[in-house]
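Chemist: Listed here are the chains, written in short residue letters.
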Amino acid sequence: DAMVIQNPRYQVTQFGKPVTLSCSQTLNHNVMYWYQQKSSQAPKLLFHYYDKDFNNEADTPDNFQSRRPNTSFCFLDIRSPGLGDAAMYLCATSRGSGREQFFGPGTRLTVL
Amino acid sequence: AQSVTQLDSHVSVSEGTPVLLRCNYSSSYSPSLFWYVQHPNKGLQLLLKYTSAATLVKGINGFEAEFKKSETSFHLTKPSAHMSDAAEYFCVVSLEDTGNQFYFGTGTSLTVIP
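In the order they appear, the protein sequences are chains U and G. The first sequence begins at 1 in my numbering and counts up by one. The second sequence begins at 1 in my numbering and counts up by one.
Read the hints as simulated data drawn from the structure, not as lab findings. The model shown is predicted, which means the values in this text are computed figures rather than measured ones. The beta-carbon is built from N, C-alpha and C at its ideal position, and this holds for glycine as well. Do not take every clue at face value.
Said to hold, decoys possible - Listed below are the simulated BS3-like cross-link pairs for lysine-lysine, each with C-alpha atoms no more than 25 Å apart in a straight line:
(1) U:38 / G:42
(2) U:38 / G:58
(3) G:42 / G:58
(4) U:44 / U:17
(5) G:49 / U:44
(6) U:17 / U:38
(7) G:49 / G:69
(8) G:69 / G:58
What the hints assert, rightly or not - Have a look at the derived ranges for each label pair, beta carbon to beta carbon:
(9) U:83 / G:10: 26 to 32 Å
(10) U:67 / G:56: 38 to 44 Å
(11) U:72 / G:12: 51 to 57 Å
(12) U:61 / G:71: 34 to 40 Å
(13) U:61 / G:45: 40 to 46 Å
(14) U:52 / G:72: 33 to 39 Å
(15) U:62 / G:20: 40 to 46 Å
(16) G:26 / U:63: 16 to 22 Å
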């Protein structure tokens, strides 16, 4: 089945230790998104790729970066995680903007 | 400006009774509207979508929603709640005039009482 896959599902890191979360998709969608979701809140868009074009949300901290080496894969790098970065990170894809987004299962990040 | 408002943060129903989750949007243009469901520690799953076709939209698991332009609403309903419907529900609007970005409502937590 075509799907959005996120690895790992659970990630524990230490304060200030860089961490990378990965997302892959078999849907061949051209748009990929990264969201941050804190407890009992709606997902918050961090950035998205439209094909190779990177689009950063204005309020996304510089601590968060992303890479999309090819259509199928997208990575979220957190350079120096703080306690406030503990959250669920959701990857999503869509075929063009404004279309329904397909979400992965998420990676829950814990910062010690 | 708030583009989508979910009027209830929590809704509690008894198993077998109807479900109504309310959503209103604000837009000068015709929006695309979506309802997503999220079970604990899971990703979001699309329940249904409205994209300017039929105003009554049927989704998965017996859910449906009606787009009412005059009321700027897109309420989610289900005739009979099941225990497995207990989850968080998000109403999402995509607006042409803002580059088709997704705007999430704050979510409604549905509890189903046995």
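Chemist: Taking the beta carbons of residue 61 of chain U and residue 45 of chain G, is their distance inside 40 to 46 Å?
Modeler: violated, 29 Å
Chemist: Regarding the pair residue 44 of chain U and residue 17 of chain U, is the alpha-carbon distance no greater than 25 Å?
Modeler: With a Cα-Cα distance of about 23 Å, the restraint between residue 44 of chain U and residue 17 of chain U holds, given a limit of 25 Å.
Chemist: Per the hint of 33 to 39 Å, is the separation of the Cβ atoms of residue 52 of chain U and residue 72 of chain G within bounds?
Modeler: holds, 36 Å
Chemist: Honestly, do residue 72 of chain U and residue 12 of chain G meet the 51 to 57 Å range at C-beta?
Modeler: violated, 42 Å
Chemist: Does residue 58 of chain G lie within 25 Å of residue 42 of chain G when you go C-alpha to C-alpha?
Modeler: holds, 23 Å
Chemist: Note whether the CB distance of residue 62 of chain U and residue 20 of chain G lies within 40 to 46 Å or breaks it.
Modeler: holds, 43 Å
Chemist: Going straight from one Cα to the other, do residue 69 of chain G and residue 58 of chain G come out at no more than 25 Å?
Modeler: holds, 17 Å
Chemist: Taking 16 to 22 Å as the hint, is the beta-carbon distance of residue 26 of chain G and residue 63 of chain U inside that range?
Modeler: Since residue 26 of chain G and residue 63 of chain U have Cβ atoms about 32 Å apart, the given range 16 to 22 Å is violated.
Chemist: Straight-line Cα separation of residue 17 of chain U and residue 38 of chain U no greater than 25 Å?
Modeler: holds, 20 Å
Chemist: Sort out whether residue 69 of chain G lies within 25 Å of residue 49 of chain G, counting only the CA atoms.
Modeler: Since the Cα atoms of residue 49 of chain G and residue 69 of chain G sit roughly 15 Å apart, the hinted pair holds (cutoff 25 Å).
Chemist: Would the hint linking residue 49 of chain G and residue 44 of chain U be met if the CA-CA limit is 25 Å?
Modeler: Holds, at roughly 20 Å.
Chemist: Taking 38 to 44 Å as the hint, is the beta-carbon distance of residue 67 of chain U and residue 56 of chain G inside that range?
Modeler: holds, 43 Å
Violated hints for the displayed structure, listed by number in ascending order: 2, 11, 13 and 16.
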